[in-house]
Amino acid sequence: MAESKNGEPRIGVFICDCGTNIAGKVDVPAVVEFAGSLPHVAVAQEYKYMCSDPGQELIQKAIKEEKLDRIVVAACSPTMHEPTFRKAVQAAGLNQFLFQMANIREHDSWVTEDPVEATEKAKRIIDAAVYRVVYQQPLEAIEVPVNSDVLVVGGGIAGIEASLKLADAGHKVHLVERDPSIGGHMAQFDKTFPTLDCSACILTPKMSAAGKHPNIELHTYSEVVEVDGYVGNFKVKVNKKARYVDMDKCTGCGLCTEQCVVAKVPNEFNEGLDKRRAAYIPFPQAVPLRATIDPEKCLQLTRGKCKQTCVEACGPGAIDFEQKDEQTDLEVGAIIIATGFDLFEGERIERYGYGRLTDVISSLEFERISNASGPTGGEILCKSGEKPRSVAILHCVGSRDENYNEYCSRVCCMYSLKFAHLIKEHLPETEVYQCYIDMRCFGKGYEEFYKRLMNEGVVFVRGRAAEVTAASAKQADEEGRLVVTVEDTLLGVVRHIPVDMVVLSAALEAQPDAKQVAQLFGFGCSSAGFYIERHPKLEPVSTVTDGIFIAGCCQGPKDIPDTVAQAGAAAAGALALVDNRTVKIEPTISYIDPEKCSGCHICVGLCPHNAIVYNAELDAAEVIQAACKGCGVCVAACGSSVPVQYGFTDDQIFAEIEGALAEVSAPERS
Amino acid sequence: MSANEFEPRIIGFLCRWCSYNGADLAGTSRMKYPPNLIPIKTNCSGRVEATHVMKAFADGADGVLISGCHPGDCHYINGNWRTAGRYPMLKKLLEQLNIEPGRLRLEWVSAAEGDKWARVVTEFVEEIRELGPLDWKDEVHAEYTDHDAGELKEAVTA
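These protein sequences, in sequence, are chains A and B.
If you count by my numbering, then the first sequence holds residues 1 to 670, one letter each, in order.
If you count by my numbering, then the second sequence holds residues 1001 to 1158, one letter each, in order.
Keep in mind that a hint or two might mislead.
[As the list claims (entries may be wrong)] Below, a list of computed lysine to aspartate or glutamate pairs in the EDC-like style, where the Cα atoms sit at most 20 Å apart:
| id | chain 1 | residue 1 | chain 2 | residue 2 |
| --- | --- | --- | --- | --- |
| 1 | A | Lys-240 | A | Glu-296 |
| 2 | B | Lys-1137 | A | Glu-663 |
| 3 | B | Lys-1116 | A | Glu-402 |
| 4 | B | Lys-1137 | B | Glu-1100 |
| 5 | B | Lys-1116 | A | Glu-406 |
| 6 | B | Lys-1032 | A | Asp-27 |
| 7 | B | Lys-1032 | A | Glu-117 |
| 8 | A | Lys-383 | A | Glu-268 |
| 9 | B | Lys-1137 | A | Asp-651 |
| 10 | A | Lys-515 | B | Asp-1073 |
| 11 | A | Lys-237 | A | Glu-226 |
| 12 | B | Lys-1137 | B | Glu-1095 |
| 13 | B | Lys-1116 | A | Glu-113 |
| 14 | A | Lys-249 | A | Asp-294 |
| 15 | B | Lys-1032 | A | Glu-113 |
| 16 | A | Lys-87 | A | Asp-546 |
| 17 | A | Lys-240 | A | Asp-320 |
| 18 | A | Lys-305 | A | Glu-258 |
| 19 | B | Lys-1032 | A | Asp-114 |
| 20 | A | Lys-297 | A | Asp-179 |
| 21 | A | Lys-307 | A | Glu-322 |
[Unchecked claim] Far from chain B, some chain A residues (derived; all Cβ distances over 12 Å):
| id | residue |
| --- | --- |
| 22 | Asp-197 |
| 23 | Pro-214 |
| 24 | Leu-299 |
| 25 | Glu-386 |
| 26 | Ala-569 |
These are computed hints drawn from the structure, not numbers from a lab.
Yeah, the Cβ is synthetic: ideal placement off N, Cα and C, and Gly gets one too.
If we strip away everything but chain B, and leave its shape as in the complex, we get (with noise of 0.2 Å):
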């Protein structure tokens, strides 16, 4: 697949309070950005745990996305810090896996801010795309059985 053509394939994690109602609101104020990141919603970006980024780079994605409430602004007081806290360590880990940290990103999205939203969707589909596809799932699914997830799991927090 030449650079050109690829289309990566991005997981976004977003908390329910903030980040999906910014992206809602850039929906509602009808900005443009490329679809190529599938939302999912948790209540707290601190519920987003390392097996959920490692599953998605598993089951195929370029890059994960893990957007919250700005420091100071999480429903859940400092649920957010916990994902701050992680993310480093997340980091680490995809070095350790020969994954380049870049295709983990963490962004605070308030839920005023559409526009922050569609200019880091837009961003990190273009830093993943010079990164190039990861085709990481052949790899894992060659040792760990297809969609058990609680394998995975086990194997990614050992």
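Chain A extracted, bound-state conformation (with noise of 0.2 Å):
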């Protein structure tokens, strides 16, 4: 092996059990053993957990004692402790970027059946940590400014909140929100479980400070376009659509909507069960209280042609049917996603009739009519205008389904309860049914809601739902009515039970634009569209891109406690970060030397950041340190290999190819 540049290195190898994380599969003895006998390597030594304070301070005594100038710590990923160590080694006075991480529990222990190949890879994965240490090189974190500004994406509870909290620590906000008020799913519920608060009467308040606030500038019926640069310093370009509507001039007085002639457009807010007009401020409590012109049913922008009534109506004459979608640029140091949720399509479960069985209806469509604010007033009625005599409720319409989505979506039991309540307190000779799998009750107050629910008359029926049809003309009594199929596995029989209304607890599902949010931030998201948090129990919402946070449902179902919990906690990370003036960044970028660089060009047009310039005094290429983000493609692309990358230098991962592949000794079978 070759020397290290600062002449014969001193490696330590420290090697953590985990617990029986790692000791429980893997001959920790062995390995120590193993390490010790490796060239350059003077301490090898073996802790239950690496982490803690004692074993941190282990590493350091022996980093001051034996005057190690190289750390390798074979535990758990890095992406779990390598901050930890890189802390520990840079206070004993090393620099952090002489250290290595050797990944032996989720890449070894965790996967690998047999302990005797596990320690056998375990050597293997810690002599490549050996071999590159020697070639590390000190480097230092780059410092770069902080912006001090947020940019929150998603106007519902989870981004208002996160919002607010930003604002009121003095920081400024702007609240990005697709549709042309804040609120989102929050804004459309009645009440809210378990203790049953009016929905309205605890977001308004929030809604109308966002609104209000002067810290927040709101950004509604807008879209984040594009995305660039990095933590503390990114680049924003927002898309905020044209609302026919002069902002400044209109009052939301309303006339606009009431004199509009285009009448039949199905009303979102209301989940389409009644209409609204092409002008049109989607609630009474639109924050903000502005109306918006629907391109695409307004005959004036459909066909050019129309009385103008709204025109006529207007007396600020805030309408501007010449307005056009407007960009801006924004430029911030944290960034919270907060993009909520999409309702399960009951359509998709063709064997429930929804959308072909008139009063099978979703659980947001079941909130509008239950909300005094809905489309009956807050009268539980069927579509005919009957009081249903008896209703159903199915759980988990989509989620704990194999076909549509495994996962639980935790709130619909929760809802469904409320629903039941709610139609027993409208309609106290109603019969409820609740055909469920299992009841998870799992928050503050659920379980004894639940129990209330179980003492205020409602039926449950263990067991999924398997099909909704209309009844047969034979059952005099029951013509027009609903017939639910479902086996009650408590009593092993399957009932047929006649209703007059069905409600699909549906599943919370990700935005279907999801993905396409994911990419554009750059973070990842699971198969079924929810964000990845950077560690599901210590990071629960940060993203793997620094300075970029996420709250609320587009990380996973959950109630709003939790969600404004989490949209606190996102807050808190951007706060940790735009508080401060500076942040560091890794230093793993590239860099060319113009000397040896012939000019040829062939990096300027592949980096994919545009970090690199073409310098025609030099006749070089020139990395710009704040662009460049480290992929370290200009270093793979290079015919004469001059970039290079710190941190995953040539030799670095040579060193590394080496060390997993140099002959360990040979696994002992009895």
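Reconstruct the complex from the two isolated chains, following the hints.
This is the structure in structure tokens:
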């Protein structure tokens, strides 16, 4: 092995048992012995929990006493504890980049069946790290300034809550919402479980606070179209769709919406249960309380010809058919993504008859008809206008079902109980059936709410509903009614329950464009489309991209308390960043030596971030440090091997390959 | 060495954002797969050069896996397209050197695809087991000085 540039290296290898997570599979003492035999290794030690304070102190003590100048820690994934050990190494006076982590937990002990094989693999992984660390060079983290503004994407309860927290802390917040008003799904709800407080009563004050806050700039009816930059320094382009209404002139009086001649547009806020005009205010508590003209429905905008009664009606002259989309460039230090969920479409399960049978409705439709501001004024009515004598609520529609979504959507049991309560409250004589697989009442006060409902005369049928059919005419009493077929697994019988209304407790799904949003911002999402947090337990609101946080249902189905808590956590994460003037970023960027570069331009065109420019004076390519993100594409592409990627040099990668393939003792097998 | 006893040695180049985390997820989900692959992390699969692949074969690897983010998901916008573009060239290079192209594999494994990672490794180990040992090491090292990365790099990029 070649010598390190600063003479004979002295490497310390520290191998973690991780309780039994590693030591239960890997023969750690054998690995310690092996590591101790490797060239340049001065110290090889085992410890039960290397990440704990005594573990870190062990490393620090060895650095000082044994004069170690290179450290390898063989433990969990670097995603988990690399920052921990880097800090420990740095605190002991060693440059943090003279440290390498060998992942013998996620990549070895947890995935390898056979202990002998796991031990051998651990040796190879450690060998690779030891070979590599010899070539590692001290690096200094690059310190960059931090913009103190924050972008919040999504104006539901999560986005509103995060914005308010940050704005109260004195930071300028740009809150971007796709719809004409903030509020999100929570604005549609009637009551909230299990406390039954009115959703609007607890949400609208927050909406209005966000609308009035001097530090919050609302960008409604707008979408983020471009994201560039990096932690502390994001550059974002926001497209504000034309509303055809001058926001400064409009007073939100609603006269245009009364006068508009296009009256048959399905009202999204009421889930299409009633109609709105082409000129509309989504709901009376909208923030901002401004009219919007629907460009797809407005006659003037679609056909170029209309009486323009809206223009006549508008006193302040706010309507402007010439308005165009507007693009705004924002610069922010941190981003919070709170783009929420979409409801599972009932049509996808044909046998439940949604879209075919009139009184099979979705849970959001039920929210609207039970809401005093909804299309029925809060009266729970069938489409015929009759009060239902009996209602069935079907759980797990599109969730806990391998055909659709495997996951439990978490909130459906509870909102189903809430629905049952509301029906009993409005219509005490109406029978309510809950067809459930399991009741999952996991939160504070939830189980108690379930118990309460059992005493309210709700019938619980344990079994997933098989189908919903129109009752046959033979059953005189049941004509025009619906029949829910369900196996009552507790009684062991198939039941046919005649009802007047069926509510589908549909799953919360990711937004249909969740994947595109993840790509735009540069983090991952699960196959179901929910955003992946950096660590499920310890970093639940961070993403793999520094400076970008997630909150609410875009991360996974959750209830309002959890969403609000997560929004607070995301705001705190963003605050910890933007409250500082600078942030340190990984120095694993590229460098091009102008002396060696022939100026061929190949790398200039390949750089994904336009971080390489051609310097005509030097006839060489030049890396713009602040723009380089360290992908290493230029290094791989250069025909003359001129670019160097710090932290991922050819020497380091070659050494790692050599170490991984060096002979280790053959597995002993009996 | 009979085919039954042959344990393939495989180097895996994993991008830091998707595949490395996908492999981590296989771990946290306690999925089981054979131990033959040693992962090497790069920031982007686009960093993986011909010389890295050839160095692995030259040092005794029987197979090399490159794994990155799915097209469109690259943390560096399009770094993985460079990898995809380089891949057929690498296959051709292997052919010219009389190495079965099947010893090199390119995969897209996202951070959410722990199951795919486990499946890819399991499959690849079996494929390489079928192909048998490469033993290219002795051949190469007879020609080039041991561990002299620079010289080897020159030789394979020439």
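For each hint, the structure was consulted:
Between the alpha carbons of Lys-240 (chain A) and Glu-296 (chain A) the distance comes to roughly 16 Å, so the proposed pair stays at or under 20 Å and holds. Between Lys-1137 (chain B) and Glu-663 (chain A), the direct Cα distance comes to roughly 13 Å. Compliance with the 20 Å bound is thereby established for this hinted pair. Between the alpha carbons of Lys-1116 (chain B) and Glu-402 (chain A) the distance comes to roughly 18 Å, so the proposed pair stays at or under 20 Å and holds. A threshold of 20 Å between alpha carbons decides the hint, and for Lys-1137 (chain B) with Glu-1100 (chain B) the separation of about 15 Å falls inside it, so the pair holds.
Taking the CA atoms of Lys-1116 (chain B) and Glu-406 (chain A), the gap is about 17 Å. The hint holds against a cut of 20 Å. Between the alpha carbons of Lys-1032 (chain B) and Asp-27 (chain A) the distance comes to roughly 18 Å, so the proposed pair stays at or under 20 Å and holds. In summary, the hint linking Lys-1032 (chain B) to Glu-117 (chain A) is supported, as the alpha carbons are separated by about 12 Å, within the 20 Å threshold. Under the criterion of a C-alpha separation no larger than 20 Å, the hint pairing Lys-383 (chain A) with Glu-268 (chain A) is consistent with the structure, at around 18 Å.
With a C-alpha separation of about 19 Å, the suggested pairing of Lys-1137 (chain B) with Asp-651 (chain A) holds against the 20 Å cut-off. This hinted pair checks out: Lys-515 (chain A) and Asp-1073 (chain B) have alpha carbons roughly 9 Å apart, not beyond 20 Å. Only pairs whose Cα atoms come within 20 Å are accepted, and Lys-237 (chain A) paired with Glu-226 (chain A) is accepted, the gap being roughly 5 Å. For the hint linking Lys-1137 (chain B) to Glu-1095 (chain B), the alpha-carbon distance of about 17 Å falls within 20 Å, and the restraint holds.
Between the alpha carbons of Lys-1116 (chain B) and Glu-113 (chain A) the distance comes to roughly 18 Å, so the proposed pair stays at or under 20 Å and holds. Simply put, Lys-249 (chain A) and Asp-294 (chain A) have alpha-carbon atoms about 18 Å apart, close enough for the 20 Å limit, and the pair holds. Taking the CA atoms of Lys-1032 (chain B) and Glu-113 (chain A), the gap is near 6 Å; set against the 20 Å cutoff, the hint holds. Distance check on the hinted pair: Lys-87 (chain A) and Asp-546 (chain A) sit about 18 Å apart at the alpha-carbon level, within 20 Å; holds.
For the given pair, Lys-240 (chain A) sits about 15 Å from Asp-320 (chain A) by alpha-carbon distance, which is consistent with the 20 Å threshold. Of the supplied pair hints, the one linking Lys-305 (chain A) and Glu-258 (chain A) holds, its CA atoms being roughly 19 Å apart against a limit of 20 Å. Proximity of Lys-1032 (chain B) to Asp-114 (chain A) is assessed by CA-CA distance (about 10 Å); at most 20 Å being required, the pair is judged to hold. The suggested pairing of Lys-297 (chain A) with Asp-179 (chain A) holds, with an alpha-carbon distance near 16 Å, which does not exceed 20 Å.
Between Lys-307 (chain A) and Glu-322 (chain A) the CA atoms are separated by roughly 16 Å; this keeps the pair inside 20 Å, and the hint holds. Here Asp-197 (chain A) stays apart from chain B, with its beta-carbon at least about 36 Å from theirs, past the 12 Å limit. Listed as outside the interface, Pro-214 (chain A) is consistent with that label: its C-beta sits roughly 36 Å from the nearest C-beta of chain B, beyond the 12 Å cut-off. Taking the minimum C-beta to C-beta distance to chain B, about 39 Å, the non-interface status of Leu-299 (chain A) holds against the 12 Å cut.
The Cβ of Glu-386 (chain A) lies farther than 12 Å from every Cβ of chain B, with a closest approach of about 47 Å, so its non-interface assignment holds. Non-interface status of Ala-569 (chain A) relative to chain B is upheld: no Cβ of that chain comes within 12 Å, the nearest being about 21 Å off.
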